[in-house]
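Asker: Next come the chains, spelled out residue by residue.
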Amino acid sequence: AQTVTQSQPEMSVQEAETVTLSCTYDTSESDYYLFWYKQPPSRQMILVIRQEAYKQQNATENRFSVNFQKAAKSFSLKISDSQLGDAAMYFCAYFSGYALNFGKGTSLLVTP
Amino acid sequence: NAGVTQTPKFRVLKTGQSMTLLCAQDMNHEYMYWYRQDPGMGLRLIHYSVGEGTTAKGEVPDGYNVSRLKKQNFLLGLESAAPSQTSVYFCASRPTGLNEQFFGPGTRLTVL
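Protein chains in written order, with the working numbering: chain A, 19 to 130; chain B, 1086 to 1197.
One or more of the hints may lead you astray.
Unchecked claim - Distance condition first, Cα-Cα at most 25 Å in a straight line; then the derived DMTMM-like pairs of lysine to aspartate or glutamate:
1. B:Lys1094 - B:Glu1185
2. A:Lys73 - B:Glu1185
3. A:Lys96 - A:Glu79
4. B:Lys1099 - B:Asp1123
5. A:Lys122 - B:Glu1185
6. A:Lys122 - B:Asp1147
7. B:Lys1155 - B:Glu1137
8. A:Lys96 - A:Asp44
9. A:Lys88 - B:Glu1185
10. B:Lys1099 - B:Asp1147
11. A:Lys122 - B:Asp1123
12. B:Lys1142 - A:Asp49
13. B:Lys1156 - B:Glu1185
14. B:Lys1142 - A:Glu47
15. A:Lys73 - A:Asp49
16. A:Lys91 - A:Glu28
17. A:Lys91 - B:Glu1144
18. B:Lys1142 - B:Glu1185
19. A:Lys91 - B:Glu1185
20. B:Lys1142 - B:Glu1115
21. A:Lys96 - B:Glu1185
22. A:Lys122 - B:Glu1144
23. A:Lys122 - A:Glu70
24. B:Lys1142 - A:Asp44
25. A:Lys88 - A:Glu70
Honestly, the hints are just simulated from the structure, not real lab data.
The structure presented is a predicted model; accordingly, all values stated were derived computationally and were not measured.
Whole structure, please, built from the sequences with the hints as guidance.
Answerer: Next up, the structure:
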């Protein structure tokens, strides 16, 4: 089974600053999908961004972008111009062909 | 279009009691999933279904049963609840050909 590791249990960033959340994964497959989900206190799982492994270009969604390093099996999330509403748990996930494998999450605190 | 809904939102059980969690989706998705989320952990897959009438075990299936009698519904049953099943349960669905999963709001279950 594929494993997903998020080595930062907690991160903190000031409003308007940039923060990067780390994620590494283990797989023997060559084609797969990676995701970042956001879980605010409301508990709802919200898709932030996705990356297809066969695409070399890093995905970007407004203030959110990824640094996808396929050879290193690394998939970090960069949040630019951080806002108070970005405070949440962030989960990295790998799509295994039928379901998602999640990391343990990183709690992001945004300070004014 | 309600998306993915879960019933109930909260429940408290005593050890040994049984209950069924209902997941419903109105997007005509083929795939449906049940995950559990425990503190300090990401979501872990309990069972999943690739279509009406089919189910399969995930990473942590023990103590749970599921049924998919109708395409739009995916039921998760606990026959004899145990304190170790205290968790937040998420249902998700996705259509064939798309790897993004759509999540319900979650059910918080406490077993005393």
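Asker: State for each hint whether it applies.
Answerer: Hint by hint, here is what the structure shows:
| no. | hint | verdict |
| --- | --- | --- |
| 1 | B:Lys1094 - B:Glu1185 | holds (23 Å) |
| 2 | A:Lys73 - B:Glu1185 | holds (17 Å) |
| 3 | A:Lys96 - A:Glu79 | holds (10 Å) |
| 4 | B:Lys1099 - B:Asp1123 | holds (19 Å) |
| 5 | A:Lys122 - B:Glu1185 | holds (19 Å) |
| 6 | A:Lys122 - B:Asp1147 | holds (21 Å) |
| 7 | B:Lys1155 - B:Glu1137 | holds (6 Å) |
| 8 | A:Lys96 - A:Asp44 | holds (21 Å) |
| 9 | A:Lys88 - B:Glu1185 | holds (20 Å) |
| 10 | B:Lys1099 - B:Asp1147 | holds (18 Å) |
| 11 | A:Lys122 - B:Asp1123 | holds (10 Å) |
| 12 | B:Lys1142 - A:Asp49 | holds (23 Å) |
| 13 | B:Lys1156 - B:Glu1185 | holds (18 Å) |
| 14 | B:Lys1142 - A:Glu47 | holds (22 Å) |
| 15 | A:Lys73 - A:Asp49 | holds (10 Å) |
| 16 | A:Lys91 - A:Glu28 | holds (21 Å) |
| 17 | A:Lys91 - B:Glu1144 | holds (22 Å) |
| 18 | B:Lys1142 - B:Glu1185 | holds (20 Å) |
| 19 | A:Lys91 - B:Glu1185 | holds (20 Å) |
| 20 | B:Lys1142 - B:Glu1115 | holds (17 Å) |
| 21 | A:Lys96 - B:Glu1185 | holds (20 Å) |
| 22 | A:Lys122 - B:Glu1144 | holds (15 Å) |
| 23 | A:Lys122 - A:Glu70 | holds (21 Å) |
| 24 | B:Lys1142 - A:Asp44 | holds (22 Å) |
| 25 | A:Lys88 - A:Glu70 | holds (10 Å) |
Hint check: no violations occur; every hint is consistent with the structure.
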